[in-house]
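S.K.: Following the hints, put chain B in place on chain A, whose structure we already have.
Protein chains: 2
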Amino acid sequence: MKDNTGKINDLIKKRFSPLAFDKRAIEEYKIMRLFEAARWAPSSRNEQPWRFIFATRDDGPAFENMISTLAEGNRIWAQNVPLLILSIASFYSSFSGKPNYYAMHDTGMAVGNLLVQATEMGLYVHQMGGYDKKMARQKLGIPEQYEPVAMIAVGYRGNPDDLPDDLQKREQARRTRLPVEEIVFRRVWKTT
Amino acid sequence: MKDNTGKINDLIKKRFSPLAFDKRAIEEYKIMRLFEAARWAPSSRNEQPWRFIFATRDDGPAFENMISTLAEGNRIWAQNVPLLILSIASFYSSFSGKPNYYAMHDTGMAVGNLLVQATEMGLYVHQMGGYDKKMARQKLGIPEQYEPVAMIAVGYRGNPDDLPDDLQKREQARRTRLPVEEIVFRRVWKTT
Chain A
1 MKDNTGKIND LIKKRFSPLA FDKRAIEEYK IMRLFEAARW APSSRNEQPW RFIFATRDDG
61 PAFENMISTL AEGNRIWAQN VPLLILSIAS FYSSFSGKPN YYAMHDTGMA VGNLLVQATE
121 MGLYVHQMGG YDKKMARQKL GIPEQYEPVA MIAVGYRGNP DDLPDDLQKR EQARRTRLPV
181 EEIVFRRVWK TT
Chain B
1 MKDNTGKIND LIKKRFSPLA FDKRAIEEYK IMRLFEAARW APSSRNEQPW RFIFATRDDG
61 PAFENMISTL AEGNRIWAQN VPLLILSIAS FYSSFSGKPN YYAMHDTGMA VGNLLVQATE
121 MGLYVHQMGG YDKKMARQKL GIPEQYEPVA MIAVGYRGNP DDLPDDLQKR EQARRTRLPV
181 EEIVFRRVWK TT
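Chains as they are written, first to last, in the numbering used here: chain A, 1 to 192; chain B, 1 to 192.
In case anyone wonders, no lab produced these hints; they're calculated from the structure. Misleading hints may appear alongside valid ones.
Pairs involving identical chains hold if they fit within one copy or between any two copies, as the list cannot separate such chains.
What the hints assert, rightly or not - Below, computed lysine-lysine pairings styled on PhoX-like, alpha-carbon distance capped at 20 Å: (1) Lys7 with Lys30; (2) Lys133 with Lys98; (3) Lys190 with Lys98; (4) Lys7 with Lys133; (5) Lys190 with Lys13; (6) Lys7 with Lys134.
For reference, chain A alone in the conformation it holds in the complex (with noise of 0.2 Å):
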């Protein structure tokens, strides 16, 4: 098999998760068009299992609420950022109550429009496991039968320049991928 890097979609290709973010404030109706992107993916029985509760820094209380579930090592660069989205996924099948094995799947299908759409908008999008998912429940008033996803950092690009050494080395050292030779296999599994 052949490794086919730069002939992808170009928004696919461009997307990546920086660090450095400018303040500027995101336009509403771009807000708007990253949710109705999300909206349109794919589910499991059409269960769209996604929920988004998003502030941005005009929200004043309501951002900081966001802001203060970051872990430490996120908080110092996303408290930058003009828009934080949290998103939920439903783990119960609301036909049948069951779990559902597709909820963070489809979820993140859900998330995978978004960052498309938020590429072709100049945005960029930086998503984060490290916050606390019990405070995040607690003031953002998640019921218990959906579970918090990612806090998801969104805006335009910053100058890397500006951030701490550290963190630009963090930004540059994510670009690194698995060859497809250990991710695809023909017929059957690792015998490519």
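M.R.: This is chain B only, laid out in the frame that chain A set:
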């Protein structure tokens, strides 16, 4: 909040999960680009938990192996597709060996990339949860620490008029989504 249907990325808008597929083979370079696109998805700690096994109709018994795992209601239409992919998730961190909360989520994001890339190349994708996961694991040799996720049918669009009436209806029935007000909340849960 206003609904913004129609202003989102064209590929996201165009994508849907058909039941009518053309039998025409997919070019090998296009197959590889699907995985290349998937590969560049983001993931928690860059774990890249996604794996894929694929077979084309030309792979003969290997392809029949995958077809044989499908639930009857899926086999009836999916047996005509030229390409089947099984998405697979590594449920444990390759760093710590601990469960990876984002395994399914990040695999979903990778598949989201695959969907965008497929649509850009004129291909359609229909994911299925309805297949025998135990049989798939056994027939495809999937190791214990990995979990089968979705059986993914890929192909060019077929003529829906060639479908039996009930499948035509099933294909049309799927294009609904919850209103944006039910899935997106500003500041806190459900106070839009």
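S.K.: Would you mind marking each hint as holding or not holding in the structure?
M.R.: Against the structure, the hints come out as follows:
no., hint, verdict
1, Lys7 with Lys30, "between (27 Å within a copy, 10 Å between copies)"
2, Lys133 with Lys98, "between (23 Å within a copy, 18 Å between copies)"
3, Lys190 with Lys98, "neither (34 Å within a copy, 23 Å between copies)"
4, Lys7 with Lys133, "neither (38 Å within a copy, 33 Å between copies)"
5, Lys190 with Lys13, "neither (26 Å within a copy, 35 Å between copies)"
6, Lys7 with Lys134, "neither (42 Å within a copy, 36 Å between copies)"
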